[in-house]
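**Q** These are the residues of each chain, in order.
Number of protein chains: 2
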Amino acid sequence: MKAGVSLGLAIERVAHDIDAQFDHILALPGDPRRQLYEAMRHAAMAGGKRLRPLLVKATCDLFNIDGRAASRVGVAIECIHVYSLVHDDLPCMDNDDVRRGKPTVHRAFDEATAVLAGDALHTMAFEVLGNEETHQDPFVRVELMLELARAAGASGMAGGQMMDIEAERASFDLATVTRLQQLKTGALFSFCLEAGAIMARVPPEGRTGLRGYARDIGLAFQIADDLLDVEGDAALAGKTLGKDAGAGKETFVSLLGVERAREQAKLLVQQAKDHLHVYGSEADLLRSIADYVVERDR
Amino acid sequence: MKAGVSLGLAIERVAHDIDAQFDHILALPGDPRRQLYEAMRHAAMAGGKRLRPLLVKATCDLFNIDGRAASRVGVAIECIHVYSLVHDDLPCMDNDDVRRGKPTVHRAFDEATAVLAGDALHTMAFEVLGNEETHQDPFVRVELMLELARAAGASGMAGGQMMDIEAERASFDLATVTRLQQLKTGALFSFCLEAGAIMARVPPEGRTGLRGYARDIGLAFQIADDLLDVEGDAALAGKTLGKDAGAGKETFVSLLGVERAREQAKLLVQQAKDHLHVYGSEADLLRSIADYVVERDR
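Chains as they are written, first to last, in our numbering: chain A, 677 to 974; chain B, 677 to 974.
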């Protein structure tokens, strides 16, 4: 099977699977908590490429990990990703009205419900990972939960989001913007690869290549996002564009210029693939994803 | 030692220990994430009675569990409790300016920082529990994390908060108000007792008494809170009072009246103590806490 074909198929299958699982774990209750679940469904089942669950799936394929485990870990990561989008869209943060072509949660419901729906999705990630349906070995489950918490919290994603707010007030250099993005989006990308390795019981010292791959595609992804922000088509992207420049934030594009930023993204994609040289054709899906992260939404 | 004396001492020791631990895990970083940590410290180190960590400590004493484990579980619960207060105080939720006599986080910093600080404290609970310093047995750690997630999420605290928002629009009966409070505050109280039993490896069928105790003091606590809301002294309570009546919400007091509500709280405290009858004097601290929950802040 050609890599291109298999990527398309993989995206479709993962997206379908994640939606089916959200539909199950977010079944509407028959009590006054109903609106909370409706808001969680609105946020979690709005489509999207499910890139993070796809990365988990591709890493699990590398180690022949059971598809059920990959899929539950994918849902958990998506819970974290989606919660961060819901809170990020709030009026006090990015104040976005549209996400994936639909009204954002605080627009479709109200702000209080959006805060709560984000909170409940956040907790749900740990509820999903802790359940023995995810993996029968408690040591694997606890390591998954601990690493996800590290990736999502103050020393990961939430820390990166604080830096992102500070970026409007300060003038960050390239090293600081790189660190910001490594925390804000890279930490969760790294967890996707790490999760596969944890389930395959690969010891931390054997995860260097996967970590390198994750770091490189994370940055490439962000550069592509910055390029999209200045060059993209809002209708295709399904969100407001031109926000960073408007907010006076330094980005890879503002610091490097469009041409050098595009070159840098290409270089990172090649470097990411180089990290996979010890793996054979089982890593082809990861290789296709590396190309895909700089090509999406255009 | 008299119960009264030992309760006072226990409160003091637990409060001191929790502050010391927050001071350690929230050490200020030397990068642009600093404001996030400052906001987390502002919220987490604002004093307070540390009732939930005290409940964990008292349950651990019952089973002779290592103080270090009790103390880390206490910090994790307090992370969840504090995050919920920070988000609850937001303008789109209760819009509170004062908490424990100090400006709320969105007042002392800004709304975006308050959302993020709440989020980061939320994640930190799982980071603390997942660390092997909390307990050497991964099965115990994973059970603690899973039960905390269940208590905090959509089927626990967050679900109760959604019901609390709906309470402004609907007219709830006593059964629904009881369920609301069991989710909003009771679920976390129950986890405090459950955590001790998990660490002592008491099987779920042996936890009935502890669960009953937690359920009863949780409701008694809430009735006391409702009484405080209509009768209390704002300066002593360190927060805005009279909010529920202002928001047109049904409470135990609005549904039962002051006298019957007070009687009901007393009855629940007695019932809570009755659940402890299988335990000897080791449960005296839990008995004192049952009295204490209806007496605080007056």
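No lab work stands behind these hints, which were simulated from the structure alone.
In this text the structure is predicted, and so the values were computed from the model without any measurement.
Heads up, the beta-carbon is just placed ideally off N, CA and C, and yes, glycines get one too.
Mixed in with the good hints there might be a few duds.
As the list claims (entries may be wrong) - Partial pick of chain B residues on the chain A-facing surface, computed with a CB cut under 8 Å:
hint: 1; residue: PHE785
hint: 2; residue: ALA788
hint: 3; residue: ASN807
hint: 4; residue: ARG817
**Q** For every hint, state whether the structure bears it out.
**A** Here is what the structure says about each hint:
1. PHE785: 10 Å, violated
2. ALA788: 5 Å, holds
3. ASN807: Result: holds, 7 Å to nearest chain A Cβ.
4. ARG817: Hint on B/ARG817: holds, closest Cβ of chain A at ~5 Å, below 8 Å.
Going down the numbered hints, you'll see the structure goes against just number 1.
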